[in-house]
Amino acid sequence: MSAVDDVVTEAPAVEAVPKRAMTLGLGTSLVVLAALVIAPVFVKNFIIFQMTMLLIYGLAVLALNILTGGSGQFSLGQSAFYAVGAYTSAILMEHVGMNYALTLPIAGIICFAFGFLFGQPALRLSGVYLALATFALATAMPQLLKLGFFEHWTGGVQGLVVTKPDAPFGLPMSQDMWLYYFTLVITIGIYIASVNLLRSRSGRAFMAIRDNEIAASAMGVDVALYKTLAFGVSAGITGVAGGLGAIAVQFVAPDGYTIVLSISLFLGMVVGGVGWLPGSIVGSAFIIFVPNIAEGISKGLSGAVFGVLLFVVIFLVPHGARQVAIVAQQLIGKLRN
Amino acid sequence: MELFTNQVLAGIATGAIYACMALAVVMIYQAIDHLNFAQGEMAMFSTFISWQLMQWGIPYWWAFLATLIISFAGGIAIERLLFKPLAKAPILTNVAGFIALYGIINSVAGLIWDFTIKQYPTPFGSSPFLGSQLISTHQAGMIGVTVLLLILLFLFFQYTRIGLAMRAAAALPESARLVGINTSWMIALGWGMASAIGAIAGILIAPVVFLEPNMMLGVLLYGFAAAVLGGLTSPLGAVVGGFLVGVFENLAGTYIPGVGNELKLPIALALIITVLVFKPAGLFGRPIVKRV
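Each protein sequence line maps, in turn, to chains A and B. Residue numbering for the first sequence follows my numbering, beginning at 811 and increasing consecutively. Residue numbering for the second sequence follows my numbering, beginning at 217 and increasing consecutively.
Simulated from the structure, these hints should not be mistaken for lab results. On a predicted model such as this, the values are computed, not experimentally measured, just so you know. Even glycine gets a Cβ: it sits at the ideal position worked out from N, Cα and C.
Here's a subset of chain B near chain A, in silico, CB distances under 8 Å, partners left out: (1) L251; (2) L298; (3) P301; (4) L308; (5) T309; (6) I315; (7) G319; (8) I320; (9) V324; (10) A441; (11) L485; (12) A486; (13) I489; (14) P496.
From just these sequences and the hints, can you work out the full model?
So this is what it looks like as structure tokens:
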């Protein structure tokens, strides 16, 4: 009996998360939202730019969270999807002359298709094997973008320069601030859609597959369809993030989208809490600001300082920001009584 | 035809490097069930320790022996200090820990020994082996050591009590504990052995790729790929996988037009994935059967 139990409890790659714990309460959400809306008014343009990147990486971490936290599939290939999204937006804007806002849904759709198709062969792989396959995708992507064959469109090693859009309707705000609010609206839209997705029939199918694939298929879940769907959705969101990233940074080049980006997004997911969507923004903050802090503490040892900080975080809270949120919630509950 | 034979020989020579590293990867996978991303950096650090010992005038083989002991102890220390407390944490948190360890070791090695490339001596000499220009005596020696290591590991796991205990602890920890095996220390022992094997790999590889803090990055990737190709549960598979990846990579670079150095890795990986799609547990691995 105990041996059987053992096999069952060891099976899921990701710890089960109670469904209700995947989101924030309404009150907390409104407070966070208000902070995000008001903050840019008081800070300099460069900080607004960093906050925009925070939202963009937050989206990318969220996408990985849907894939790994939702459906239990591991991916190191997110940088490839991000690159495809970024290049789609950049090429449509610079070569076709399309409006920046219209390029984003196209980037999303192309990445969705790409992720869905990539999910097909990946179906047969799981765990480390899937990690290796997605890793291969991530290492191949910068090389593919550099190929002479595509050079007319991608600009080869040089990359492409993207023009930053002005605020429309003559609104009195800087380009950075406009882009921040634009990104914020998209981020909120995608966040709400993701939360609803995970609460829907499809989301329950994802989680059933994550918790036990065999049991899920016995319950009538089409495992192949939902696994590839999870890949598609994750890639699509990453693609939109990539497109936004290209517009915000005003530049795309193959070496901006290496495996290092994938690893950062992965770390962001772990720090934020696997399977807890609001944690994505915390994870994103970690991967944007902590390397800078590490650099500030010691230039030569920045790698070591970053590593030590990461260890401190995972020692204190192995379940990431989710754990902090749960503890905080309990404390507040106690205070009320 | 001669070009083909030469390329295969050269592939086997580089494959020996990958095989060595893959063996270390499989060792630790056997013991702890994770891929250790910091394995290459641990091997690099060990190699630097041996280099430092030699700089202080200790003869090659004594330095080699001392490095093995230090690495073994170091591997156990890392497990006890950093990863034992994380044993109950989710798997992905452990993976983040490996990435953190990678950053720490790489950066510390860079600080102590800086990033300049250093020569590393070889005990085998570097003259052509049996008249072939493509394989040097060092590379032949490397293949020899890898095979010897494989045989020793096989004997250890098959015929010693402690080898059996380690296998039991990895396969069914609960049951192993019930029959009185100290599974926690078996994991530590696995880390120690993997670290020592990594040190051997590093010392053998260093004369070819030269010694510097980033020397293991490429090698580790190929080592992982080789281990996965051969099947993560099989040390023999890891070694065969290593040689196969080396040969693949060389042949692809020679015969497929437009494949420069940069596209070699993606093509090797694509081939491995194609193999995996047809044999999901690797060439020599045993598929894991799950019960519900």
